[in-house]
Amino acid sequence: MIVVSPPEDPGGDFCFVHAADLHLDTPFYGIGETAPAVGEALRDASLQAFDNLVSLCLERQAAFLLIAGDVYDGAERGIRAQLRFRDGLARLSSAGIATFVVHGNHDPVDSGWSAVATWPELVTIFGPESVSAVPVHRDGRQIAVIQGISYGRRDVRDNLAVRFAPPAGAGVQIGLLHCNVSGAADGHENYSPCSLDELRRVGLDYWALGHVHTRSTLSGRPFAEEPWVVYPGNLQGRGPQTSERGEKGAVVVEVSGGRVAGVGFVACDRIRYASVEVEVASLPSLDAVHDALVEAAAEELGRAGGRSIVLRARLTGRSDAHVLLQGGDTVAELLASLRDDFRPVAPWLWWDRIDDDSLPLIDIEELRGGSDFAADLISLAEGLAAACATPTLVPGLEAGLPLGLLDDVVATLPKSLRARALASDISARDLLAAGLVAALDELGAGENLAGAVR
Amino acid sequence: MRLASFHIDGFGALADFGVDEIGAGLVVVLGPNEAGKSTLFDFLTGVLFGFPTRKDNSRFRSPVRGGRHGGRVGFVDDAGGRWVVERYAGAQRGLSVRLPDGSDGDERSLSRALAGASASLFEAVFAVGLNDLGQMKNLESDEVRELLFTASIFGQRRSATKAMRHLGEARDELARPRREDAMANRLAAALEGVRAELAVARQEAGRYEALQREASRLDQELETMRVQLKDLTDRGRELQLLESCWRHYRLAQAARAAVAALPPVGQTAGVIARAAAVRELAAERSGHFERVEKLEELLKSRAALESSLERRLARMGPNWTRERAVEASAPELLAEGARAARDRLTTRRVALASAEAVLAQAESLLAAVPSEDELNDVVPERIELEKRQSIVSELRDRLAEAERLQLEVLADERASTASLSAPLSAHDPARPALVTLLVAGLVVCAVALALFAGHHAGPAAVIALVGLLLLAACGLLSAVGRRGRSATARARTADDTASLTVAWRAATARQALLERSLVDVAKLSQQLGLPLPPSRVDIDRCAAVLQRQLERRRQTDDRLAERTRAESRRAAAAGDVGMAFRALATEQAAYESWCAAHGFAPTAQPDSTLEAIAELAEIREQVEALGRIEGALRELEASVTSFSLRCRRLFSSLDLAALGVASPQSGAGLAAADIEATLAQLVHLLEEATALEANRSALERDRASAEGALESALGDGKSAERMRSRLATGDVLLWVSERDELASATEELRTREEEAVRRHQSLAEDMGRLAASDHIADLERRRESLEVTLDDALHRYLVLGTARALLQRTLAQHERERQPAVVARAAAHFERVTGGRYVGLLADSGIDGRQSLRVLSATGEMIDAQSLSRGTLEQLYLCLRLGLADSFAERSVSLPIVLDDVLVNFDPVRARAVATELAECATTHQIVVLTCHPHLAEMMLRASDPLPQPAQLIQLGRLGEPRKVEQLALAALTALPDLPAHAGEPTPAHAATDPDLPTAAGV
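Keeping their order, the protein sequence lines are chains S and P.
If you count the first sequence from 1, you need to add 13 to reach the numbering used here.
If you count the second sequence from 1, you need to add 1 to reach the numbering used here.
Bound conformation, chain S alone (with noise of 0.2 Å):
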């Protein structure tokens, strides 16, 4: 039993704190060379929005803050992070706040090891091995009982929330899991998995999830629909996936006569991933690129609320600026002279990179029709590219070229790198695309075509 000691409302309500997925200390990935000061706070972000959680539940005088799994990225559990969460639970703690962790499959209880000896009062483990059930209460009364389980393992492919029990006693019954709902889980692994359904039929009132880092409410409204079976994403956007961008947080519960009365999110992330397209279609120069993307950018920045933001820009459309930016080290310079604009002063903004998606202005259809060297090296592509094995995005270059293509394609590279460029997530068929857009820019076909239609 947990007794927890914020102020009680006189009617009996409180609230609670539901965070997933810190991934504590862990590094962003998907981000290329950065400034020094960005490093560094790419590097503190994760550790700094669990402070804001931190804070969060003491502000809202929360009655305990549950989280669902993947506190640490990994078994290698840094000494920093740990240190970091004790003592963030330690204030809880010291304040009356209760803290419930199950780990998940990032963070399983029987690998990695614990740099924590002992954890502060109020904080609660759930174990392995079977589901476990704490009461909380709060000035002598009984107002929740919380249900959890911690994967042992990685691979938890068994389905826990089968293993929860029906509601008993007096107050919120909430389960907490880390696990994978069918269909929300949209490229994550299929880890506990379950259904809405089989949640549903255990009868209880909330259900914490984790592992899903978009935020999303499977079920639930208030005082109407239950249970309420919420994902809060992730508490810190951890690359550019689209999945990790856009604001991340916690949710925090309310609960009043001793139902759910509504669920609302809040953001604790220190830095926001975002993306822009720009077409550049009507951009007929680089300055003319260059301006659009800063305007972008402000608007993107503007919508962090004052948080830092890590900006990645795709060019797209057909312009005859496609052949600039083509020419030499175009797009890096066009990167570098953004980020020269880079102050290290919060809110910053730092441009990740720019992925020129653009093309041409050349009618392929035309060059196809031909009976030139284009028209035969669009033939080519295409031909190759239709007998691709594997024309979706499943990687694996050496099933997707022919051998002697893909021999000619790696020819001059250091077989130690030839493993990574293979395993490279491109498909063949979005390869060879890319090769015929080099080659005919190579060619200078962007060129001539351009003059042609000016």
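Among the clues, some could well be false.
Between beta-carbon pairs, the in silico distance windows are [unchecked claim]:
1. S:PRO148 - P:ASP220: 35 to 41 Å
2. S:ASP26 - P:SER763: 48 to 54 Å
3. S:GLY25 - P:SER763: 39 to 45 Å
4. S:PRO141 - P:GLN221: 50 to 56 Å
5. P:GLU222 - S:ASP26: 34 to 40 Å
6. P:GLU222 - S:GLY87: 49 to 55 Å
Pairs of lysine to aspartate or glutamate, DMTMM-like flavour, derived with a Cα cap of 25 Å [stated by the list, open to error]:
7. P:LYS388 - P:ASP559
8. S:LYS428 - P:ASP173
9. S:LYS428 - P:GLU712
Hints listed in this document are in silico derivations from the structure and should not be mistaken for laboratory results.
Ideal Cβ placement from N, Cα and C applies to all residues, glycine included.
Could you slot chain P onto chain S? The hints should help.
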């Protein structure tokens, strides 16, 4: 396109030379050797594609006959547009291109017009000299091959080979084996470094748990060691206490033994009991002997003093005794009184002499001043004189006032007279009399004033009175007259009455004033004794006299004051003399009285008295000295007596005999020598006894101190008893041994403890560092950054590699598929040229990429091209070029073909066949044939004669001769001159031989 004109500004041996119009089709340029055909060949190529940049290039051809290095070439494109290209060597802007529409173009537009053909392509295919014709290598370059096979709609697009090369270079910059500066290689190396660093850091971080366990273990170990250390310390402290107490214990024991061993006190107890007396007497005994000697000296001194005193008293006089001398006032006071009396007497005498001198001086001064009576007879008193001066001043004022009034009265009269009618004035009988009286009065008054001023007061007063009477009479008459005139006036006119009345009243008032002023003047003149009326001269003189008198009065007053002062001084001096005399007498009496009172002779002078006082002082001193000697004698006698008595008492209190000390002789007194001997022996005995006692006491103190220290160190209780028991055993060696063992164990334990503490601190530091370290996070970030950058580079590498591979494959495919058309065309040309001897041509690419050519004879034999004769091989290559030119023209533009004497190695039959083939080809290409052989020129012209487009002949003169450019048609062939053969001119190599036989060169 075709060449339309050219003009050479300066190029090699050609200067200012050109052709304005060159036709399409076949163009034959005929000229002898040194006519400049090769120069023209290089010029055309240079203008279209650029001149060589190196001057040592044989084709650079610096102008030797002047002109700017370069020139222009005009050509007509396939659409009929005329282009003009002007190019000069060396200049930065050496190229100018004028487009068909008249606008300016550039290198790009020229390149576009030339279908992207490069200089190498042009020279390989379209501009062929005899030396190039027999070589295949020019046709084997990638660029030529690729351009020939890939000519496309992109007239100016880049070379696919260049693109491949560029892509390859870009790819190599990203990654290449053994190229450390390649981006991916560099990133991969950096990534490996970071991973290794990360592994180390993770391994280091993984130690944290072990460090925690180790720290916990060390905590327990330290606690155990501290307990052990405390036990060892306690035991060591006990042993240390034993050792420290052992010293005290041993001291106490030793002190007890030493005391017990000391001898008994015995007979020396009496001496020790009287140690103070013995020491006191011993200490005083030397003083005793000194006092005895001093006593004898004082007795002698006393006798001498008494003798001297008696003599001095005798000199002072019979009245003087020792007692009186002592009782007399102190000599210092007496001497002071005597000196004071002497000084006062001297002062009084000096004062008397001074007063007498002052008195004599005052009398002398008084005698020099006149008497008061004499002085007072000289001038009136000063007050009188000042009074008179004021009267004179007032008189002057009154007289001035009288004169003013008089003038106003006269004015009134004149006014009155004027106001009356002239007849009335004429009828005033009193007027002359009035004037006369007035003048007389004034004159008399003036005289009176003059007399008054001349100190004739009496006559002046009388005369002044007369003058005043005359003036009064004048006034009276005037008044009567005026009243008469007034009455007449009133009678004459009533209008003047009022004014006359006013004037009359004013005149009357002024007249009254005048009269009063005259009376005052008269009074004042009278007081001054001036005549009446007084004149101003009298008044001034009177004032001057008064001023002089006043001066003299002042002088007299000063003399009088001086005399008064002299008299006062004399009286004062006389008084002073009297007073001084009286004071001297009083002082003398006082001195005499003082002498008598102090026993000195009153008649003696003060100096004698002072000498007597000095003697008195000596007497008093001697008396006092005698008294002191007497006192000292008494004290000495008492001391000597007392010391002897104390010695006697001491000696009698001791059993000197028992002590072994010689007893002094008894009698009335003790001899000093006996006392000395006895006391010395007693002192010796006392010292020995005292030392013994001191030793005993010291031992007792040591014992007590040691006992106290033991008590203090051990305390009480069982522990103390145990310690005392151990002390009693006295097994110090055991203690030391045990202590050494403990010290060794303690030291070892301390060392272990310090080591454990250091280890614990190190662990704590390591744990703290690991806890606070962001190293792993930083490395992770760096690793991620490097991986992303490396993946980007590899992705780029793959794209570039794919692009290059696609280009490579397309190029190969293109070459395979397009080549047959080129070869077929070349084979057709070759078949015609050889008259059907060879019917086919096959081009193969070797494994190494090199091409080989084989020909198919009419008999079906495949012959390697290299086996053909030189002439046939040259024909084959010429045909191949024609086929390439056809193919190029088919896919882009038709470029002109320039051939420089390529027919010289052909036999006449093959030469005609080639000429015919060229003429045929000239229908689609402009072909410019340069030759120095007229028969070849004729052959060309004849070959084209049947064709719709006849050949054009351009004839050049020999260099150095006047330039002659003629364009002739075939009809003019008969006019062609026979050009002389020139030394070195190429001769047909196998004109009369079997054309198919290989030449030596060909083999």
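Hint check:
{"no.": "1", "hint": "S:PRO148 - P:ASP220: 35 to 41 Å", "verdict": "holds, 37 Å"}
{"no.": "2", "hint": "S:ASP26 - P:SER763: 48 to 54 Å", "verdict": "holds, 53 Å"}
{"no.": "3", "hint": "S:GLY25 - P:SER763: 39 to 45 Å", "verdict": "violated, 54 Å"}
{"no.": "4", "hint": "S:PRO141 - P:GLN221: 50 to 56 Å", "verdict": "violated, 31 Å"}
{"no.": "5", "hint": "P:GLU222 - S:ASP26: 34 to 40 Å", "verdict": "violated, 54 Å"}
{"no.": "6", "hint": "P:GLU222 - S:GLY87: 49 to 55 Å", "verdict": "violated, 34 Å"}
{"no.": "7", "hint": "P:LYS388 - P:ASP559", "verdict": "holds, 21 Å"}
{"no.": "8", "hint": "S:LYS428 - P:ASP173", "verdict": "holds, 14 Å"}
{"no.": "9", "hint": "S:LYS428 - P:GLU712", "verdict": "violated, 91 Å"}
The structure does not agree with the numbered hints 3, 4, 5, 6 and 9 stated previously, though it agrees with the rest.
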